[in-house]
Structure formats: C-alpha cells, structure tokens
Amino acid sequence: MAKIILIGASHKTAPVELREKLAFSHAQIETALEFIKQDSGIKEGLVFSTCNRLEFLYIPGNRVLEDKDRIDAVMQFVSKLKQISVSEFKSSLYIHTDDDAIRHLFCVAASLDSMVVGEPQILGQVKKAYKTAVSAGTTGVVLNRLMHKSFSVAKRVRKHTGIGDNAVSISYAAIELAHKIFADLATKSVMLIGAGEMAELAVEHLMTHQVKNIVVVNRTFKNALELARKFNGQAVQYEERESALADVDIIISSTGATDYVLTRDQVKGIMKKRQNNTLFFIDIAVPRDIDPRINKISNAYVYDIDDLRNIVETNMTRREQETVRAQRFVEEALLAFRRWLDELAVVPTIKAINRKMTDIVNLECEKTLAGLPHLSKDDAESIRRMTKAIASRAIHDPILFLRNTGDHRDDSFYLNVARQLFNLDIPDHNY
Amino acid sequence: MNIPFILLQCATFFYLVSTAGYFCYLFYQKDRIQQTALGAVGIGAVVHLLAIVLQSAALGGLPIYTLGQSLSMAGLSLAAMFLYVQYRFHLKILGVYATAMITVLMLASIFLPEATQAPDKIYKGIFFFGHIVLIFTGESMLALACGAGILYLLQEQGIKGKSPGFFFKRLPSLDFLDAVSYTCITTGFALLTFGLVTGFIYARSVWGSFWRWDVKEVFSVGAWMVYAVLLHLRLYSGWRGRNSAIMSVIGFIILIFTFLGVNSFLGGHHQGFTQ
Numbered sequence: 001m002a003k004i005i006l007i008g009a010s011h012k013t014a015p016v017e018l019r020e021k022l023a024f025s026h027a028q029i030e031t032a033l034e035f036i037k038q039d040s041g042i043k044e045g046l047v048f049s050t051c052n053r054l055e056f057l058y059i060p061g062n063r064v065l066e067d068k069d070r071i072d073a074v075m076q077f078v079s080k081l082k083q084i085s086v087s088e089f090k091s092s093l094y095i096h097t098d099d100d101a102i103r104h105l106f107c108v109a110a111s112l113d114s115m116v117v118g119e120p121q122i123l124g125q126v127k128k129a130y131k132t133a134v135s136a137g138t139t140g141v142v143l144n145r146l147m148h149k150s151f152s153v154a155k156r157v158r159k160h161t162g163i164g165d166n167a168v169s170i171s172y173a174a175i176e177l178a179h180k181i182f183a184d185l186a187t188k189s190v191m192l193i194g195a196g197e198m199a200e201l202a203v204e205h206l207m208t209h210q211v212k213n214i215v216v217v218n219r220t221f222k223n224a225l226e227l228a229r230k231f232n233g234q235a236v237q238y239e240e241r242e243s244a245l246a247d248v249d250i251i252i253s254s255t256g257a258t259d260y261v262l263t264r265d266q267v268k269g270i271m272k273k274r275q276n277n278t279l280f281f282i283d284i285a286v287p288r289d290i291d292p293r294i295n296k297i298s299n300a301y302v303y304d305i306d307d308l309r310n311i312v313e314t315n316m317t318r319r320e321q322e323t324v325r326a327q328r329f330v331e332e333a334l335l336a337f338r339r340w341l342d343e344l345a346v347v348p349t350i351k352a353i354n355r356k357m358t359d360i361v362n363l364e365c366e367k368t369l370a371g372l373p374h375l376s377k378d379d380a381e382s383i384r385r386m387t388k389a390i391a392s393r394a395i396h397d398p399i400l401f402l403r404n405t406g407d408h409r410d411d412s413f414y415l416n417v418a419r420q421l422f423n424l425d426i427p428d429h430n431y
Numbered sequence: 001m002n003i004p005f006i007l008l009q010c011a012t013f014f015y016l017v018s019t020a021g022y023f024c025y026l027f028y029q030k031d032r033i034q035q036t037a038l039g040a041v042g043i044g045a046v047v048h049l050l051a052i053v054l055q056s057a058a059l060g061g062l063p064i065y066t067l068g069q070s071l072s073m074a075g076l077s078l079a080a081m082f083l084y085v086q087y088r089f090h091l092k093i094l095g096v097y098a099t100a101m102i103t104v105l106m107l108a109s110i111f112l113p114e115a116t117q118a119p120d121k122i123y124k125g126i127f128f129f130g131h132i133v134l135i136f137t138g139e140s141m142l143a144l145a146c147g148a149g150i151l152y153l154l155q156e157q158g159i160k161g162k163s164p165g166f167f168f169k170r171l172p173s174l175d176f177l178d179a180v181s182y183t184c185i186t187t188g189f190a191l192l193t194f195g196l197v198t199g200f201i202y203a204r205s206v207w208g209s210f211w212r213w214d215v216k217e218v219f220s221v222g223a224w225m226v227y228a229v230l231l232h233l234r235l236y237s238g239w240r241g242r243n244s245a246i247m248s249v250i251g252f253i254i255l256i257f258t259f260l261g262v263n264s265f266l267g268g269h270h271q272g273f274t275q
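Top line first, the protein sequences correspond to chains A and B. Sequential numbering of the first sequence, starting at 1, is according to my numbering. Sequential numbering of the second sequence, starting at 1, is according to my numbering.
In short, the hints are calculated from the structure, not lab data. Check before you lean on any hint, since a few could be wrong.
Stated by the list, open to error - As a list, the in silico DMTMM-like pairs of lysine to aspartate or glutamate whose alpha-carbon atoms are at most 25 Å apart: (1) B:Lys30 to A:Asp265; (2) A:Lys12 to A:Glu204; (3) B:Lys162 to A:Glu332; (4) B:Lys162 to A:Asp259; (5) B:Lys162 to A:Glu204; (6) B:Lys160 to A:Glu332; (7) B:Lys30 to A:Glu320; (8) B:Lys162 to A:Asp306; (9) B:Lys160 to A:Asp184; (10) B:Lys160 to A:Glu242; (11) A:Lys155 to B:Asp31; (12) B:Lys169 to A:Asp259; (13) B:Lys162 to A:Glu176; (14) B:Lys169 to A:Asp184.
Unchecked claim - If you want a taste of the chain B side facing chain A, the calculated C-beta under 8 Å gives, among others: (15) Lys124; (16) Gln155; (17) Pro164; (18) Phe168; (19) Leu174; (20) Asp175; (21) Phe176; (22) Ala179; (23) Arg240; (24) Gly241; (25) Arg242.
The beta-carbon is built from N, C-alpha and C at its ideal position, and this holds for glycine as well.
Chain A with its partners taken away, still in its complex shape (with noise of 0.2 Å):
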C-alpha cells in the first residue's frame, strides 16, 4: 500500500482542451478538499489547480478497503464534479506514488515541471493552494512537513541555481535588453509601428514597466488611432514617423512592409536632434522594417527577430544546465523526507525511544559509578540492573501506547508526537 499519492494531469500529458475542462475553480476546490475530508480512505490531502495542470496530493488511511489506494474512488470524483467520464482523461493522468509522487511534488514547485521552465509563479501558487487545504482541515503531519519541505526546496533552487535568471521569451528578452540599455523606463517613451501580436505583446510588457508614453504609427491612421485608445498613447500619421523619432526612445515595428520603414540616413539626421540620446529599436517583422546599418550609428542599437531569437536560444541552454542542478537538490530533499517518513512507523519510533533512554541511563549511571571507588564488583553490577530496569519502566507506558493507537486513530499523528516529546529527528541542516 502506497504512503504517499499523487494523481494529475498536466501540460505534459493532456492537451489544452483537456485541461480547460479538467482546470478547477477556487470553490471546486474547496467542494474536493470537503470530499478529501469525507472520504474515510484518505487521511490527508490537497488539490492543486492551475491553467496547465490539476493535481491531487493526497495520503491513503489505513482502513481495510477494496480500493486501498482510492484512485477510483478520486476519478469519480473528478468524473462527477466535471461532468466528464473517467474514459475521457483517464488516459491523460499521471499517478505517481511514494518517492515519485514526493519527487514530482518538489519538481512542480521548484518549477522543473513548468511549461516555462524556472517561471516564478508556480511557487506562490503551490502555496495558495496548501493554504486552502490547511484552512479546510484536510492537511496532517505528513503533508504538513512534506509541503514546507517542497518550498525549501524550490527556495534553494531558485537562489541557488540560475534557473530563473535568463529571458525565455522574446518580448521578454527585448525588455530585458531595454533594462540594459536604458536607467529607468518609466522616463521612456514608445513608438509601436505597425501592428501584431508580438508587438503588441511587448508593447504590453513594457506598460507593466511603466514607460512614460506610447506613440502609435500606422499606415492606416485610424488603426493607429484604434491601437492609441488601446494603450491610453497618442497617434501619428505614417508620414511623420521620421520627425516622431525624435522624442521616443524604444521603437517597436512589425509592419508587413517590403522595404524598411526608417533607414539608416534618416535616423542619423535624427540623432543630432536628439543630442545623441539613445535609441533601440525592436524590429519584429519579417521582412526586416529597419535597416541594420542603424545598429552602426553610436548611441542606437538595433535587435531584429533572429537576433532576439538567439538570444532566447542561448538561455533555453544555459536554463537546462541549470536544471540538471535543480534536480540534485530535490533528490536530496527527497532523501531526506524519505528518512523522516520512514522513521515515522510504530516500530522505529520505539526502538529509537528505547535507544535514546538506555544511552542516557548507561551515561549517568557510569559516571555515578566512577565516583564510588569503594563499591564492590557485584554492587556496581546490582546498581547497573536497577537504573536499567527505571528506564524500562518509564517508556513501558509510553510504549504500550504507540503500538495501540487503534484504528480509530491517526499513527502519524501520535508518532510524530513521540518523537518530537523524545526529540528524535535528526534535524535536517540543509533546509
């Protein structure tokens, strides 16, 4: 029987139709974490959705049922409050048990598993949803300590490793460039040329930075017009795109035109207007809308799509360098929680208390004994088998206690009360 189960679907394994079926709302979760609770099977768990994956966590009881795992039993469960019958994402699950289910858990929230590999969000999103699960009463011991076990190890991971340090994207490594170009972009303006997704994209990138101003051109004045309402920015005829240059600092382009859209002459004519003050321009389109000769002039730089492209590509590496890394560390989380959950069972706990009371008897009664030179052989021995025989009795309680908790009651609830009363736990120093 598994310990430890973890039953999901995620980007890996289910297409995005799937998922948006499967995804769970926040009061969907409270209704599973309620069912978590009802389920006589299940002693602990929680439930973990997010746009690319639905995960349950969850510990078996130990209650002598047909179906001791209740992976059915949570299919059904899912089938039931999706409205979606189990054939129809069955084949899309993951169920992972024990050591893979902990290793998939420190994965997920260290952000291995992500789409975007290192994505920072995923953290505060495994911790909404442990928080949901605490308040709903459905976490125990074993969870409790596995999941702040998985945020230090996504913590260390991502302090630790370079996993989150470089742009995967190319709006994002476009915006990066102008954080490396330019002090504070909140006191720079932008020009967006043309239209697109991606431009829009980074043009909406960039407003999360704050910059000061958006100038929209287009060919077509009243898409620029359309575009500028958009962005709360201000219009401009396609023919005053020149002269317009002078007062932004970050083009963006991607229009469908053949030729280029600003040549090198004219930025160098502009760029005494503007006291040589720096330009970059983002040139998204294909063909090309600006002449790379600008790249030449001092003082602008121009970032084409390849030249953006490589840049991504250089960090896709240089990330799953870092990955290899990340995944030492969650195997020696996992070690660690490994050894802890193993010591957490009726037979070691005891053994370990008995351990602990001989070793403390044993100390004191010989340094007792070293003081009393007089004592005979035979009376040193009697004193020996009576500090022996009070340690005895003093765990015999205890003892008879842990090996009949009863069924009615939670093992691990008790164990772990032991061992932390007889601080038994080799403390883990890494985390």
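Following the hints, put chain B in place on chain A, whose structure we already have.
Frame of chain A, contents of chain B only:
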C-alpha cells in the same frame, strides 16, 4: 619602530582583501561578499588616513616628497572618492576596478625604496595643501570616471555586438554607467580646475610667477583641456555614451602620464614629488 609604515602595510592588506572580495563578487554575484569587500575598503581607508596623519605630523607637512609617498596619497584619495561614489550611486561593480587600482598603488608605494629627503620649506602653506588635496581628489574622480567608462564600453560592446555575455547580467544599464561617468568627470574637472588655480597662486608666491612653462604644468593644462573639450561637446553637441566613455579613458591616460611619466622622461620643477 616605524608606526606609519606598519599602518600603511595594514591598509594595503585591507585593500588586498577587498580586491579579492570584489573579484569574487564579479564571478559569484553574492551581496554579502560585496558588503565585506566594501567594509574592507572602508577600514583600509581609515587606517591609511591615520598613517598619513601621523606621517604629516612627523614631517610637518603632507607626505608627498617621494614617489612612494605620492602613490600612497593617490591611493588614499582614490579610496575616499570611491567610497563617496559608491555611497552616491551604489555602482557595486566599480569596486573591482577601484580596489584593484588602489592595491596596485599601495603595493608600489610600499615596495619602492624610500628616499629620505629633507622636507623643503617651500612645500608648505594653505595653497600648497589645497593644491595637493584638490589635484589628488580631482584625479581620483577622473580615474573613477575612466573606470565607469570602461564598464560602459564593456557593456556597450555586448549589446551592440548582439551577444550579451559575461558582463551583461553583471553590469547596470548603459544610461546609468554614462551618468556615473559624467558625474565623476564634472566633479573631477571642477576639483582639478581649483587644484590648478591654487597651484598657480602657490607658484606665484614661491617662484614669483603664475606660469613658468614647466613640463608638468603644460601636460596638466593639456589634460584639463581634454576634459574641458569633452564637457563642452557633451553640453553642446550631445557627445554621450560611447564617445564620452572613450574620451574619459583617453583623458585619464594623459593624467597618468602627467603624474608619472613627465618626471621620468622630461624633468621640471615638480620633480621632487615623484622621485
């Protein structure tokens, strides 16, 4: 026992530690290393200042009679100006350049044979003191301007060449580096100007004329003019960024030559300071 000399050695040790720290910071980017390194520069500068105060007390004037002493003086003023720039701009990475330069100055100062030269009576007075302090701090600021200029050129090369590499993450934005360099140049230029003026006044009081076509005088004014042109171009023709960075490096090379080279190759009445 020569207490000032021991203090100078201590200061050098701290500078060495901070240089090592800053180089570690360059590679590992850990803030704690940078803070420790900055602390080491601070302690080094205080110890260094104490040494120079003691030396001044013993000599009855600023200790700049030998090349070693002059270099040590330059080291202290560079450390002080670096701490000021650091406080003002938090341009941490500049520490790599500044501490390395301070350490080189100090090592040279310590290992140069100390010529015992009788203090000359004429090297005293408020104008002489002002001349020295202003020139040294001014040149230190211009040294830092050169450092910021070099950082600018490194960052610019990566961005222009479309291959953001080792320095891309480690250096701040071009605008910021340019601003730091510009501030250092204006401050350094102002200090240098006053330094030259006090020098002329002092020359008049000692030798009876403001200007005597001394080689060092000529080169100093030459370097001053390079910076004057640079500032003029920046204000009126928008010379910024790459050109400005290159000029700040060239200007500083002329300054170094004025400081060290002129005496070695050409002679003149400033000779005593750098023998």
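Against the structure, the hints:
At roughly 45 Å between alpha-carbon atoms, Lys30 of chain B and Asp265 of chain A are farther apart than 25 Å, so this suggested pair is violated. Proximity of Lys12 of chain A to Glu204 of chain A is assessed by CA-CA distance (about 28 Å); at most 25 Å being required, the pair is judged violated. Restraint check: the Cα-Cα separation between Lys162 of chain B and Glu332 of chain A comes to about 39 Å, which exceeds 25 Å; the hinted pair is violated. Of the supplied pair hints, the one linking Lys162 of chain B and Asp259 of chain A holds, its CA atoms being roughly 23 Å apart against a limit of 25 Å.
Between Lys162 of chain B and Glu204 of chain A the alpha-carbon distance is near 24 Å, which keeps this suggested pair within the 25 Å criterion. Between Lys160 of chain B and Glu332 of chain A the alpha-carbon distance is near 42 Å, which puts this suggested pair outside the 25 Å criterion. Between the alpha carbons of Lys30 of chain B and Glu320 of chain A the distance comes to roughly 22 Å, so the proposed pair stays at or under 25 Å and holds. Pair hint Lys162 of chain B plus Asp306 of chain A holds up; C-alpha atoms about 10 Å apart against a cutoff of 25 Å.
Using a Cα cut-off of 25 Å, the hinted pair Lys160 of chain B and Asp184 of chain A holds, with the two alpha carbons roughly 19 Å apart. Simply put, Lys160 of chain B and Glu242 of chain A have alpha-carbon atoms about 22 Å apart, close enough for the 25 Å limit, and the pair holds. Between the alpha carbons of Lys155 of chain A and Asp31 of chain B the distance comes to roughly 17 Å, so the proposed pair stays at or under 25 Å and holds. A hinted pair counts as satisfied when its Cα atoms are at most 25 Å apart, and Lys169 of chain B with Asp259 of chain A does not qualify at roughly 35 Å.
For the proposed pair Lys162 of chain B and Glu176 of chain A, the alpha carbon gap of about 13 Å is at most 25 Å, so the pair holds. Between Lys169 of chain B and Asp184 of chain A, the direct Cα distance comes to roughly 16 Å. Compliance with the 25 Å bound is thereby established for this hinted pair. The interface hint given for Lys124 of chain B is violated, since its Cβ lies 46 Å from the closest Cβ of chain A, which is over the 8 Å cut-off. Interface restraint check: Gln155 of chain B against chain A, minimum CB-CB distance 7 Å, threshold 8 Å, status holds.
Hint status for Pro164 of chain B relative to chain A: holds, with the closest Cβ pair at about 6 Å, below 8 Å. Because the closest C-beta pair between Phe168 of chain B and chain A is about 6 Å apart, less than 8 Å, the hint holds. Because the closest C-beta pair between Leu174 of chain B and chain A is about 5 Å apart, less than 8 Å, the hint holds. Of the supplied interface hints, the one on Asp175 of chain B holds, with its beta-carbon coming within about 4 Å of a beta-carbon of chain A, less than 8 Å.
At its closest, the beta carbon of Phe176 of chain B sits 4 Å from a beta carbon of chain A; the interface hint therefore holds under the 8 Å criterion. Hint status for Ala179 of chain B relative to chain A: holds, with the closest Cβ pair at about 7 Å, below 8 Å. Taken as an interface hint, Arg240 of chain B checks out: its beta carbon lies about 5 Å from the nearest beta carbon of chain A, inside 8 Å. The beta carbon of Gly241 of chain B is positioned within 8 Å of a beta carbon in chain A (closest approach about 4 Å), and the interface hint is therefore held.
For the restraint placing Arg242 of chain B at the interface with chain A, the shortest Cβ-Cβ distance is roughly 5 Å, inside the 8 Å limit, so the hint holds.
Hint compliance for this structure: hints 1, 2, 3, 6, 12 and 15 are broken, all remaining hints hold.
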